[in-house]
Amino acid sequence: MRKELLTMPMHCLFAWGVLACAVGLLQGAALASTADHSQFKGLQQDFKSGSAVTKICLECHTKAAGEVMASKHWSWEWPDPHSKKMLGKQNVLTSFSLGIQSNNPVCSVCHVGYGWKDNNFDFTAQENVDCLVCHDTTGTYRKQSGMAGHPPVVAMEFPPGSGNVVKPVDLKEVAQNVGKSSRDNCGACHFYGGGGDGVKHGDLDSSLAAPEKDVDVHMNALGLDFSCTECHKTTRHQVAGSRYALTATDVHGALMRGSKDDRNPSTCQACHGNASHKLARLNRHADKLACQTCHIPQYARGGIATKLTWDWSAAGRKDKDGQPLVEKDANGHVVYDAKKGSFTYGENMVPDYFWFNGKVDHLTVSDKIDPTNSVPLNRFYGSPADGASRIWPFKVMRATQPYDKVHMTMLKAHTTGNDEDSYGKSFDWHKAVTRGMQDAGKPFSGQMGFVETEMSWPITHMVAPKEQALSCVACHGAESRLAKVPGIHLPGHHAHGWLDKLGWGLAWLTLLGVIVHGAGRAFTSRKGARK
Amino acid sequence: MSERIYVFPLFERFWHWAQAILIMLLLVTGFEAHGTYRLLGFERAVDTHTAGAWALIGLWVFAIFWHFTTGEWKQYIPTLQKVDAMIKYYVFGIFTNAPHPFRLTRLHKHNPLQRLAYLGVMLFIGPLLWFTGWLYIFYGYWAAWGWEQYLSLQWISFFHTTGAFLMLLFLIVHVYLITTGHTVLSHFKAMITGWEEVD
Amino acid sequence: MKSHFSILSGITLGLLALSFAGEAADGDWKRGRVYYRFVCTDCHKGGSSEIPPNSRSMAEWKAYFQADKHEKGKTSLKYYVSKAFRESIKAKNQAAAKFIDVPEDQLMKDIEAFAIRGAKDGDAPATCN
Ligand code: HEM
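Chains as they are written, first to last, in the numbering used here: chain A, 1 to 531; chain B, 1 to 199; chain C, 1 to 129.
These are computed hints drawn from the structure, not numbers from a lab. From a predicted model like this one, the values you see are computed outputs, not experimental measurements. Fair warning: there could be bad hints in the mix.
Said to hold, decoys possible - Below 27 Å or equal to it, Euclidean Cα-Cα: the simulated DSSO-like pairs (lysine-lysine) are:
id : chain 1 : residue 1 : chain 2 : residue 2
1  : A       : Lys48     : C       : Lys120
2  : B       : Lys189    : B       : Lys74
3  : C       : Lys45     : C       : Lys72
4  : C       : Lys120    : A       : Lys167
5  : C       : Lys92     : A       : Lys466
6  : A       : Lys328    : C       : Lys120
With these hints in hand, go ahead and build the complete structure from the sequences.
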């Protein structure tokens, strides 16, 4: 864009800079870089692979790949300091996918790397880092599901024999137009978690790419227009504000951007401080409530539904011609897919509310379960009494998924791909699970069943304009959103059953008493008058 | 033959009516905050209740001051004398036109039952509401003040509500007993003009 | 000194104009997206009147922008992108207000870039969400 820069007389630079800034502001363009990548010789070539681009990036950005490799975006692992368990995408269980390892070619579409198709992936090769997926500004860069994280570079049929033609990505064009990560970059994966738009989180979907104010005040395309990194402040490619290490309660004031502090910069309080309401009474509610609880009145508000239930045990139905069934509802949502099971969806959902103190536990395939109850795939700890908890909003995802009847563990399964072990091809759970556990390096007894699970997803995006925050009666009314939350007394909701009965009973009796007394007086005084 | 005595000076009348209005307001808004019905909306009810509560407290402070500077507090010194006669009167005498057992004078303007009732309101129900109401208002500061371990909102709410019911009972009986004067309206008029008609 | 300054500003302004001209070569699809979603869609709302970018192919969109016969020629897209139009709705349309100073050609390019990107055979087929 600013090609003229290089040919400009030096003394012009300053005036130009000032004007350019002004113009930049006017245009709302976020191109504040002083480097025009299209000018770089190294990027003026027809790239044959993503890795070829990465090698050129690393010639100047020598430390970048190393930084990326130190992040969860690369390792998909996260050592939990509390439980000492190794968590991260590779190890935790969800209802949306039955394990990474045997499904890598598909899952890796959202890995910041190239070529992670099986356990032989080289996590130390710097050229395997994908710079473009986070730094593309053209909106044309795409990784192809099933290609282990590679972008298509020539037009091709994918999967082979499917008749589905995949367009190539112009890597040269993309490479010459790199820039800061925008919501579109992060959203390319985080909006589509769980296999589709809005499926997983409930508060993250493509409506946040250019949302209206009602959907999200911070990302409002016509207002603040925050990028993700505005809150998820990123230094050395380490993105702050992870779901593995949440800050449930932030009692500090606003955090100066740029200050040296290991506080989580992505809490509400990190910008708003702890007393931003005009009404003191509302500020004081913050000793029990997370900001999100009132300020995100519903999730999935952008017109995109999120999945609420997923029954893997229902998978496998075929139509009368023996073809796997796929069924859609009136809104075009797939509600049944023979390869995956049945689903339900919801929009504008009222969250569930739980006490949460920042401690989260995630189930892995090594953990024992109790299949007689619904199995919590993750657990958010908290209590009204520990002083560290706040009431938070959650989406609760409910599912039915495979477990090992002998080892009493959850199971991973190979559900994707075109091979005979894949459930989507063979419709044989035994094969799929055997392969899934084998690739995960975990034992499988050979006996599986299905168990109900539930998983909580904290709701923190889609903050509504303040006029739409919950009103008092949402919790203090007869019907209260917090009715099931223990350890709180809500005036207006929690009346005192017997005290009320006694009080009103006495009041009515007294009223009756004085009426009778008065009637008696009226009666006798008339008699008296006649006498 | 009836005569008139001046029993209620201006301040007392002002105090009484302001208090009456505030208490009714507090009852109405309080029970809305309690969740018994919807009238103003929870938020407005709470705001009004809190404002009304502060006003009532202010009024009480003045009233206490007034009672002590004028010596009127002596009107409430409890006595059991003639209490039985009063009860007998309300249960029987009042229906047979028996004479009122208590003669109201400038120095003794409340009958013994009244004295006890008002003293109860001022020494028990009032402070109960006042005290628990304050704890309620400053709920958000309990933690900072280190009170949290000793208090629970649930119990504060319980006692405050109990106070509110007691106040409601008092109010019903009080309003009724107003009609038992020389004529149905004479007590009421007295509280407006200051002059009470007596037999 | 004075003349020096005016020459300087002259050059700068010239470059500024140039930069716009140069920029108009590439549409900024993100700005186009916002204009499309918040201005065009203001009329094209609800049911059958919705025109999601993925309802047409890239070639169809190119041709549509080329011909500029909005509403079968009754009006023109140029008008709905023009400064005058933006000026007339800016009081109630924040997107028009936000982009009030973007040159018309540029904005048209932006919208086209978004439509083409979101076309059914485009790089990122886009619905009305
Ligand atoms: C005649 C006097 C009063 C009556 C009849 C009354 C009645 C009530 C009632 C029935 C409630 C609902 C209780 C619950 O559900 O928990 C309430 C709440 C409350 N009252 Fe009173 N009250 C009176 C005086 C006061 C005073 C003097 C104060 C302050 C010093 C006060 C402060 C409050 C507060 C703060 C609440 C809680 C409102 C909320 O936050 O939900 N009240 N009142």
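Comparing the hints with the structure gives:
1. Annotation: proposed proximity of Lys48/A to Lys120/C holds, straight-line Cα distance about 26 Å (limit 27 Å).
2. Distance hint between Lys189/B and Lys74/B is fulfilled; the C-alpha atoms sit about 23 Å from each other, no more than 27 Å.
3. The suggested pairing of Lys45/C with Lys72/C holds, with an alpha-carbon distance near 19 Å, which does not exceed 27 Å.
4. Of the supplied pair hints, the one linking Lys120/C and Lys167/A holds, its CA atoms being roughly 12 Å apart against a limit of 27 Å.
5. About 20 Å separates the Cα atoms of Lys92/C and Lys466/A, which keeps this hinted pair within 27 Å; it holds.
6. Between Lys328/A and Lys120/C the CA atoms are separated by roughly 21 Å; this keeps the pair inside 27 Å, and the hint holds.
Checked against the numbered hints given earlier, the structure satisfies every one of them.
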